[in-house]
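Let the hints inform the model, and build the full structure from the sequences given.
Which chain is which? The protein sequence lines are A and B, in order. For the first sequence, position 47 matches number 47 in the working numbering, and the numbering has no gaps at all. For the second sequence, position 138 matches number 138 in the working numbering, and the numbering has no gaps at all.
Just so you know, these hints were derived from the structure itself, not from any lab. Possibly wrong hints are sitting among the right ones.
If chains are identical, the list can't say which one is meant, so a pair holds when it fits in one copy or spans any two.
For lysine to aspartate or glutamate, the following DMTMM-like pairs were computed, each having C-alpha atoms within a straight-line distance of at most 25 Å [what the hints assert, rightly or not]:
hint : residue 1 : residue 2
1    : 149       : 136
2    : 67        : 80
3    : 67        : 139
4    : 67        : 77
5    : 149       : 160
6    : 38        : 68
7    : 149       : 190
8    : 39        : 136
9    : 57        : 68
10   : 88        : 113
11   : 88        : 153
Protein chains: 2
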Amino acid sequence: MNTLPNGLPPPQAAVPQAERDEHTRSRLLRAAVQVFNKKGYSAASVREIVELASVTKPALYYHFGSKEGVFQAILLEGLEAFRTTAAKAVAMPGTTRERLTRLCEDLYGLFMENVPVIQVVHRAFHDPAGNAPDFDLVEVERVLGGALKEIVEAGVASGELRAVRSEDVALAVIGVIGSAASRHLHPSLEPVSPARLRRVLDLVFDGVFRERREQGDEKP
Amino acid sequence: MNTLPNGLPPPQAAVPQAERDEHTRSRLLRAAVQVFNKKGYSAASVREIVELASVTKPALYYHFGSKEGVFQAILLEGLEAFRTTAAKAVAMPGTTRERLTRLCEDLYGLFMENVPVIQVVHRAFHDPAGNAPDFDLVEVERVLGGALKEIVEAGVASGELRAVRSEDVALAVIGVIGSAASRHLHPSLEPVSPARLRRVLDLVFDGVFRERREQGDEKP
Chain A
1 MNTLPNGLPP PQAAVPQAER DEHTRSRLLR AAVQVFNKKG YSAASVREIV ELASVTKPAL
61 YYHFGSKEGV FQAILLEGLE AFRTTAAKAV AMPGTTRERL TRLCEDLYGL FMENVPVIQV
121 VHRAFHDPAG NAPDFDLVEV ERVLGGALKE IVEAGVASGE LRAVRSEDVA LAVIGVIGSA
181 ASRHLHPSLE PVSPARLRRV LDLVFDGVFR ERREQGDEKP
Chain B
1 MNTLPNGLPP PQAAVPQAER DEHTRSRLLR AAVQVFNKKG YSAASVREIV ELASVTKPAL
61 YYHFGSKEGV FQAILLEGLE AFRTTAAKAV AMPGTTRERL TRLCEDLYGL FMENVPVIQV
121 VHRAFHDPAG NAPDFDLVEV ERVLGGALKE IVEAGVASGE LRAVRSEDVA LAVIGVIGSA
181 ASRHLHPSLE PVSPARLRRV LDLVFDGVFR ERREQGDEKP
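As structure tokens, then:
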């Protein structure tokens with residue numbers, strides 16, 4: 001075949017055979033996360049990325065086609081990990097409480113393992129130059145919303161949950177995970193431990209008030 | 001006196017008397033928010049700000065001393081509005097539910113009225129060049145944490161609330177407000193109406209589950 005994995009024609013310069021492997025691809029991704037974080041998407045150069053990865057420039061073009069291609073690959077891998085984590089929690093047997101807790105804890109764990117990638121996403125999201133490539137933020141929301149919908153609707157049907165709307169649970173849960181995760185993005189804020197996350201989730205699950213207000217599901 | 005409001009010596013160029021007023025100061029602040037948003041802090045220039053505000057350059061130095069001075073003034077005014085809003089909700093009489101709801105709704109309203117300022121803060125927070133001046137994120141947290149502590153502890157004492165920790169309520173509530181507010185920062189996400197915010201807050205207040213887990217405050 002005369003095309004590359006990215007579907008583009010091969011670049012002028014030949015790519016050494018040794019750099020066509022997965023290992024080189026991973027090195028490039030890790031280096032790109034560092035460079036994008038330090039410089040921002042617009043100011044980051046292909047040269048810096050390949051130098052940090054200690055590979056040749058053609059290797060980057062071979063695996064990703066362009067700087068934008070590397071960026072999209074970072075997001076895509078993040079999204080895939082997110083999707084896998086959400087799907088696992090949804091597939092897990094157990095009570096609604098166990099499944100909801102598992103989903104939130106696993107997603108939080110995933111964030112914690114990928115703080116530099118989250119930072120790249122945040123920085124691109126807020127790139128003032130507006131030069132960062134588009135990425136589908138709505139898809140993240142769709143994946144998490146879909147997972148929560150499945151667990152919450154099953155919980156309402158089984159009577160474990162009150163008659164709540166899954167999209168409202170999603171907003172609350174995304175908020176808790178988000179405010180906990182954002183504390184890892186800035187050195188002046190105290191990080192939230194998994195134990196504390198669990199306590200705050202329990203607060204949302206059980207409620208803050210002693211007397212509950214009537215809900216649609218509760219006949220007086 | 002031979003010093004300016006900002007404590008610096010007067011600049012070379014004289015500042016026209018007409019530009020020493022509050023009106024000019026406000027114009028400069030509004031223009032700076034726009035320019036910082038469009039360009040980012042590092043790339044924004046004093047020239048662009050004064051041109052957009054239709055005032056002279058010395059007027060900016062008279063009121064703020066420097067580009068960083070304008071930036072700090074934007075944050076300071078935002079923080080002051082935040083502080084005033086929080087203090088009002090804390091001072092309000094009523095049930096704990098009314099006071100908590102009021103605090104959250106008023107802060108959300110404040111965010112909605114100041115989306116461009118929030119964007120400047122976010123962009124500076126994520127400035128990849130790391131050139132944006134420092135600002136005290138912890139202070140925002142301290143103000144909100146303090147307000148919530150007062151309302152929550154009174155509510156626990158009066159028996160309206162379960163034996164919850166105010167810092168956990170803070171994380172949940174900041175999360176809900178934050179995830180709702182962040183939807184206004186990107187055109188691809190659906191904004192959250194005040195009515196929906198209220199519904200999600202009620203969810204956190206009343207809890208998602210029908211059966212509550214035992215808390216420290218509930219003897220078996």
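Going down the list of hints, with the structure as the test:
1. 149 x 136: Answer is within: at 20 Å inside a copy they meet the 25 Å cutoff, but 38 Å across does not.
2. 67 x 80: within (20 Å within a copy, 42 Å between copies)
3. 67 x 139: Cα proximity of residue 67 and residue 139: one copy only (22 Å, versus 38 Å across).
4. 67 x 77: So residue 67 and residue 77 pass the 25 Å test inside one copy only (16 Å; across, 39 Å).
5. 149 x 160: Only inside one copy: residue 149 and residue 160 sit 14 Å apart there, 31 Å across copies, limit 25 Å.
6. 38 x 68: Classified as both: same-chain Cα gap 16 Å, cross-chain 22 Å, threshold 25 Å.
7. 149 x 190: between (31 Å within a copy, 17 Å between copies)
8. 39 x 136: both (22 Å within a copy, 23 Å between copies)
9. 57 x 68: Intra 14 Å, inter 39 Å, cutoff 25 Å: intra-copy only.
10. 88 x 113: Classified as within: same-chain Cα gap 17 Å, cross-chain 40 Å, threshold 25 Å.
11. 88 x 153: within (17 Å within a copy, 39 Å between copies)
In terms of the numbered hints stated before, the structure departs from none.
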